[in-house]
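Peer 1: Go by the hints and put chain B onto chain A.
One line per chain: the protein sequences are A and B, in this order.
Okay, so the first sequence: first residue is 90 according to the numbering used here, each after it adds one.
Okay, so the second sequence: first residue is 80 according to the numbering used here, each after it adds one.
The set of hints was computed from the structure by calculation and includes no laboratory data.
Each residue gets a CB set at the ideal place from its N, CA and C atoms; glycine is no exception.
Treat each hint with caution, since some may be false.
To be verified - From the structure, some residues in chain A lie toward chain B, with a derived Cβ separation under 7 Å: (1) 128; (2) 132; (3) 134; (4) 139; (5) 171; (6) 179; (7) 192; (8) 194.
One-letter residues, chain by chain:
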Amino acid sequence: NAGVTQTPKFQVLKTGQSMTLQCAQDMNHNSMYWYRQDPGMGLRLIYYSASEGTTDKGEVPNGYNVSRLNKREFSLRLESAAPSQTSVYFCASSESLTGNYGYTFGSGTRLTVV
Amino acid sequence: DAKTTQPTSMDCAEGRAANLPCNHSTISGNEYVYWYRQIHSQGPQYIIHGLKNNETNEMASLIITEDRKSSTLILPHATLRDTAVYYCIVRVRGGKLIFGQGTELSVKP
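Isolated chain B, as found in the complex:
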């Protein structure tokens, strides 16, 4: 599975959009981009995943660049409860989830 690079930490003002970047320059054609988050020390929570098209669900949007070497997770209106560690994971279809260090997002009032 391709490696991912994420900033260690980010801040976001409450009510504003949180844009979390992820680089995956060695991604191959059959690998998906997944996003999970972990609040405090709870179990990770699935957010969204995509292959090459942009995706949106009730939690977030995922924007994948045309060359697929990077992606951005967007939380459109961040709340204090969105404070968490966000993991970007590249996973081949049928492969296991391998976690990196993630981005610690702090949403501030």
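Just chain A, same shape as in the assembly:
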């Protein structure tokens, strides 16, 4: 029972490099989310996708882009990485945005930008 799978688990980037964080879920969930967590802080919502084909900004979208490739996959792209984007990134999914459902989270991607 995989749930939500994130790749890679760790990544070091140089300032200005680009990369894509991958997320896939196997629970047939409609809604997916990207959060970031900085040391000692709670999670902050970057982008979310209510359903396949739609994406919307969350609390802290600047510097990121997302793609809902299909129902299973939701990727997060950093076009030009900055040290301020050093963080742990979590992907999550839920059955729907409008229902009263809990979220299932992945195990995170630890990104360091030097």
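Peer 2: Same frame as chain A, but now just chain B:
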């Protein structure tokens, strides 16, 4: 979504009940109270949620006051593996989860 206030940290003896409080005095009638926890730096784990009635599942119990302005998460027999950061979140139906700072619970032998 209404804001929540939680203590920054709490201790609990192993085998005893852990009672984690949460204030949400501005909660409105259609907002649910959710609890998640995060162990080390793993992804948050769903624990329980409720609207106005008390709720119980295999992990915990949730007690919501009659005026719904506060709630308590109860872990009936805390173990060392329950050491984690616990987040109380108020979420309108259909709204997104917005995390606060949470309570760092330390379960001690």
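Peer 1: Next, verify each hint and record whether it holds.
Peer 2: Do the hints match the structure? See the list:
1. At about 9 Å, the closest approach between the beta carbon of residue 128 (chain A) and any beta carbon in chain B exceeds 7 Å, and the interface hint on this residue is violated.
2. Because the beta carbon of residue 132 (chain A) sits about 4 Å from the nearest beta carbon in chain B, less than 7 Å, this interface hint is met.
3. For the restraint placing residue 134 (chain A) at the interface with chain B, the shortest Cβ-Cβ distance is roughly 6 Å, inside the 7 Å limit, so the hint holds.
4. Interface hint status for residue 139 (chain A): violated, as the beta-carbon distance to the closest one in chain B is roughly 9 Å, over 7 Å.
5. The criterion of a C-beta within 7 Å of any C-beta in chain B is not met by residue 171 (chain A), whose closest approach is roughly 22 Å, and the hint is violated.
6. Because the smallest distance between the Cβ of residue 179 (chain A) and any Cβ of chain B comes to about 5 Å, under 7 Å, the interface hint for this residue holds.
7. A distance limit of 7 Å between C-beta atoms decides the matter here; for residue 192 (chain A) the minimum to chain B is near 6 Å, and the interface restraint holds.
8. Hint status for residue 194 (chain A): holds, given a least beta-carbon distance of 3 Å to chain B, under 7 Å.
In this structure, the earlier hints numbered 1, 4 and 5 are contradicted, and the remaining ones agree with it.
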